Amino acid sequence: RGPGRACGPLRGRAAARLHVRIVGLFSIIAAAPAIMVAIVASVTLDRGLDRLFSTRTRSAIENSLIVAEAYLRDHAQIVRSDIMLMAFDIARTKTVFDQDPEKLRQYLTFQASVRGLAAAIVIDKELNVVARADANVSQTFALPPRDALPHITNKEPQIVLLPDTNYVAAIIRLDQYEDYYLYITRLLDPRVVPQLQATRASATEYAALEARRVGVQVAFGLMYTVIALIVLLSAVWIGFNFANRLVA
Numbered sequence: 001r002g003p004g005r006a007c008g009p010l011r012g013r014a015a016a017r018l019h020v021r022i023v024g025l026f027s028i029i030a031a032a033p034a035i036m037v038a039i040v041a042s043v044t045l046d047r048g049l050d051r052l053f054s055t056r057t058r059s060a061i062e063n064s065l066i067v068a069e070a071y072l073r074d075h076a077q078i079v080r081s082d083i084m085l086m087a088f089d090i091a092r093t094k095t096v097f098d099q100d101p102e103k104l105r106q107y108l109t110f111q112a113s114v115r116g117l118a119a120a121i122v123i124d125k126e127l128n129v130v131a132r133a134d135a136n137v138s139q140t141f142a143l144p145p146r147d148a149l150p151h152i153t154n155k156e157p158q159i160v161l162l163p164d165t166n167y168v169a170a171i172i173r174l175d176q177y178e179d180y181y182l183y184i185t186r187l188l189d190p191r192v193v194p195q196l197q198a199t200r201a202s203a204t205e206y207a208a209l210e211a212r213r214v215g216v217q218v219a220f221g222l223m224y225t226v227i228a229l230i231v232l233l234s235a236v237w238i239g240f241n242f243a244n245r246l247v248a
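In the numbering used here, the protein residues as written are 1 to 248.
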């Protein structure tokens, strides 16, 4: 009877060890590939982000934006030079234009043609058109707001860069005239305008993505961790049921 009574606890311990070994084996078999995939995916993601945020990529995007801004600044300088010279001529020949207002329109038309302007307009403080160049442009241009006119002087023109509306505008107060303003516009290259908008959008998107780089890595790491835990818990559950049946 003594040996017979000892066999029961021995069998129980052996069954428990077998139970633990089967569950552990299932857990290792399931968790090992998940852990390896998580490590490889994390390394691959980090390498991919390193390429995306490399110095060369960042420099290319920044240089594209610099070139786009330089294009707008060049047109702004050209418009500034044009409007300063035209305002000087109009002020110098005020007596001629006062005697024959038609000559002012002819002058604006000639200057718009020579300088490649889309519009050349003389307006008063109420935004009434005094004279307008006969330009072969069907596009309409928005005049400056009335409340902004008192802040415009005859010393330095106000230049507005409007790449979204494909033109650059400038306005200056005419010397020797009472509340008269010269307003001109220059069209941007239609092939360049979409490129300017795309470059700005790309630079903004790149900056936002770079700011979220750590967040992306953390999100992927958490996702891989959750997947590994789910696989591990599933393996433990399957191994536990299998071990119960086998031990029974």
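Check the hints yourself; a few may be wrong.
As the list claims (entries may be wrong) - Straight-line Cα separation of at most 25 Å, DSS-like style, residue types lysine-lysine; simulated pairs:
{"id": "1", "residue 1": "103", "residue 2": "125"}
{"id": "2", "residue 1": "94", "residue 2": "155"}
{"id": "3", "residue 1": "155", "residue 2": "125"}
Claimed, not checked - If you anchor each label on the Cβ, the simulated ranges turn out as follows:
{"id": "4", "residue 1": "21", "residue 2": "233", "range": "11 to 21 Å"}
{"id": "5", "residue 1": "242", "residue 2": "13", "range": "17 to 27 Å"}
{"id": "6", "residue 1": "28", "residue 2": "66", "range": "22 to 32 Å"}
{"id": "7", "residue 1": "18", "residue 2": "218", "range": "39 to 49 Å"}
Don't read these hints as lab results, they were simulated from the structure. Here the structure is a predicted model, which is why all the values come from computation and not from measurement. Beta carbons are placed, not taken as given, at the ideal position from N, Cα and C, and that holds for glycine.
Here's how the hints hold up against the structure:
no. : hint                  : verdict
1   : 103 to 125            : holds (21 Å)
2   : 94 to 155             : holds (18 Å)
3   : 155 to 125            : holds (17 Å)
4   : 21 to 233: 11 to 21 Å : holds (19 Å)
5   : 242 to 13: 17 to 27 Å : holds (20 Å)
6   : 28 to 66: 22 to 32 Å  : violated (56 Å)
7   : 18 to 218: 39 to 49 Å : holds (41 Å)
In summary, the one numbered hint that this structure violates is 6.
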